[in-house]
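With the hints as extra help, turn the sequences into a complete structure.
Read in order, the letters of the sequence shown are residues 1 to 343 in this note's numbering.
Source of the hints: derived by calculation from the structure; they are not laboratory data. The beta-carbon is built from N, C-alpha and C at its ideal position, and this holds for glycine as well. There's no promise every hint is true.
What the hints assert, rightly or not - Derived SDA-like pairs: lysine to any residue, alpha-carbon spacing no greater than 25 Å straight-line:
(1) LYS152 to ALA259
(2) LYS293 to GLU318
(3) LYS293 to ASP322
(4) LYS293 to GLU85
(5) LYS330 to ARG133
(6) LYS293 to ARG49
What the hints assert, rightly or not - Between beta-carbon pairs, the in silico distance windows are:
(7) ARG247 to ALA104: 38 to 44 Å
(8) ASP322 to THR200: 33 to 39 Å
(9) PRO311 to GLY339: 31 to 37 Å
(10) ALA164 to GLY79: 56 to 62 Å
(11) MET194 to ARG247: 17 to 23 Å
(12) HIS201 to GLU327: 18 to 24 Å
(13) PRO155 to PRO263: 24 to 30 Å
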Amino acid sequence: MATRAPAATAPSSSLPTGGGLSRRAAISGVLAAPFLTTAAAAQEGYPSRPIRMVVPFVPGGGADITARFLVEPLGAELGQSVIIENRGGAGGTIGTAAVATAPADGYTLLYGTPGPLITNRFLMANLPYDSDRDFAPVSLLTRGAYLLAVHKDVPARTLPELIALARARPGELTFASAGNGAGSHLSGELLSMMTGIRMTHVPYRGTAQAVQDVASGRVTMSIDTYGVMIPQIQAGNLRPIAVTSPRRYPELPDVPTVAETVPGFEVGVVNYVCVRSGTPRPIIDRLNAAFVKVLGDPGLAQRMRDAGSSPPLSSTPEELGDMLRSEVAKWGPVIRRAGITAG
1 MATRAPAATA
11 PSSSLPTGGG
21 LSRRAAISGV
31 LAAPFLTTAA
41 AAQEGYPSRP
51 IRMVVPFVPG
61 GGADITARFL
71 VEPLGAELGQ
81 SVIIENRGGA
91 GGTIGTAAVA
101 TAPADGYTLL
111 YGTPGPLITN
121 RFLMANLPYD
131 SDRDFAPVSL
141 LTRGAYLLAV
151 HKDVPARTLP
161 ELIALARARP
171 GELTFASAGN
181 GAGSHLSGEL
191 LSMMTGIRMT
201 HVPYRGTAQA
211 VQDVASGRVT
221 MSIDTYGVMI
231 PQIQAGNLRP
241 IAVTSPRRYP
251 ELPDVPTVAE
261 TVPGFEVGVV
271 NYVCVRSGTP
281 RPIIDRLNAA
291 FVKVLGDPGL
301 AQRMRDAGSS
311 PPLSSTPEEL
321 GDMLRSEVAK
331 WGPVIRRAGI
341 TAG
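Right, here's the structure in full:
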């Protein structure tokens with residue numbers, strides 16, 4: 001018959017130290033438990049306060065317009081207000097850096113465009129953030145293209161005529177962009193490089209003023225988002241010449257693609273949302289599910305089309321990560337070959 005072990009003589013307040021667990025480790029586990037419970041509870045209750053969406057550009061541009069379509073239905077889906085914070089400057093770097101230093105708790109979102117996490121790494125020597133390590137992907141938002149439009153008095157009604165005009169007047173034709181290194185800048189440089197023409201770049205601090213100056217005749221042309229140009233096209237101040245997508249816009253069936261004249265030319269416009277790296281995966285998944293539902297609403301898609309915004313398109317975090325890496329691989333060689341800088 002087995003004998004009963006003698007009763008322990010240690011004080012009742014002692015923590016067990018058997019099984020390879022030291023007294024210090026056991027105490028650490030007990031002390032950490034409340035913090036782990038609090039973190040888990042915070043994730044389960046997310047979001048419990050308003051969320052800010054940082055748009056790293058001034059109001060009135062394509063990103064700002066699209067963001068304003070999203071925040072109300074997104075807030076309704078999440079049960080909390082989503083507030084846009086425009087923090088423009090330095091090609092999107094200022095606003096992006098603000099997200100990189102925000103707490104990794106899902107309450108600060110980055111509305112991304114090609115600049116912040118794709119092209120700025122090639123354009124700027126000392127970014128205040130690491131494009132790969134400081135952010136976690138959540139979802140794609142839109143994927144579209146740019147529209148090339150000229151002032152109404154430009155004596156070119158087609159892209160071949162515009163290219164011929166530029167060749168006849170080297171450096172005289174001007175093109176406006178949202179800033180050095182912006183997608184509208186890169187598109188103009190790529191067109192020049194692929195056609196052998198020479199145009200003069202006129203950078204602005206945002207899309208709205210750039211398009212306004214083309215509409216007023218101060219600048220010859222711009223290659224930028226369609227939505228910002230719609231009012232000026234409807235007013236007769238701008239003339240659409242070509243789109244940068246591989247296929248024609250359904251909304252502009254009579255406007256050819258650049259590739260119909262310049263084979264191989266294609267510039268996509270990707271908008272997406274990221275959070276600070278280190279954000280708990282359950283919070284990322286909660287955000288992703290909300291974006292998937294909001295972006296899948298046919299009513300929202302129609303409203304965005306009517307405004308000229310790129311069509312909504314969601315993704316998984318992993319799909320967005322793959323897409324960002326693919327865009328980085330595409331644009332790096334182009335920027336280096338053209339010698340483009342943000343300065």
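To see whether the hints hold, each was checked on the structure:
1. Taken as a hint, the LYS152 and ALA259 pair is honoured in the structure, with Cα atoms around 23 Å apart against an allowance of 25 Å.
2. With a C-alpha separation of about 17 Å, the suggested pair LYS293 and GLU318 falls inside the 25 Å cut-off, and the hint holds.
3. Between LYS293 and ASP322 the alpha-carbon distance is near 21 Å, which keeps this suggested pair within the 25 Å criterion.
4. Distance check on the hinted pair: LYS293 and GLU85 sit about 23 Å apart at the alpha-carbon level, within 25 Å; holds.
5. As the CA atoms of LYS330 and ARG133 are separated by approximately 20 Å, the hinted pair is consistent with the 25 Å bound.
6. For a cut-off of 25 Å, the pair hint linking LYS293 to ARG49 stands: about 20 Å separates their Cα positions.
7. Evaluation of the 38 to 44 Å hint for ARG247 and ALA104 yields a pass: the beta carbon distance comes to about 39 Å.
8. Distance hint check for ASP322 and THR200: the Cβ-Cβ separation is about 37 Å, which falls inside the suggested range of 33 to 39 Å.
9. Evaluation of the 31 to 37 Å hint for PRO311 and GLY339 yields a pass: the beta carbon distance comes to about 34 Å.
10. Range check, ALA164 to GLY79: Cβ separation about 57 Å, and the 56 to 62 Å hint holds.
11. MET194 and ARG247 have their C-beta atoms about 19 Å apart, which keeps the hinted 17 to 23 Å range intact.
12. Checking the proposed 18 to 24 Å range against HIS201 and GLU327 shows it holds: the Cβ atoms sit about 22 Å from each other.
13. Between PRO155 and PRO263 the beta carbon distance is about 25 Å. The supplied range of 24 to 30 Å therefore holds.
This entry satisfies every hint, going by the numbered hints stated previously.
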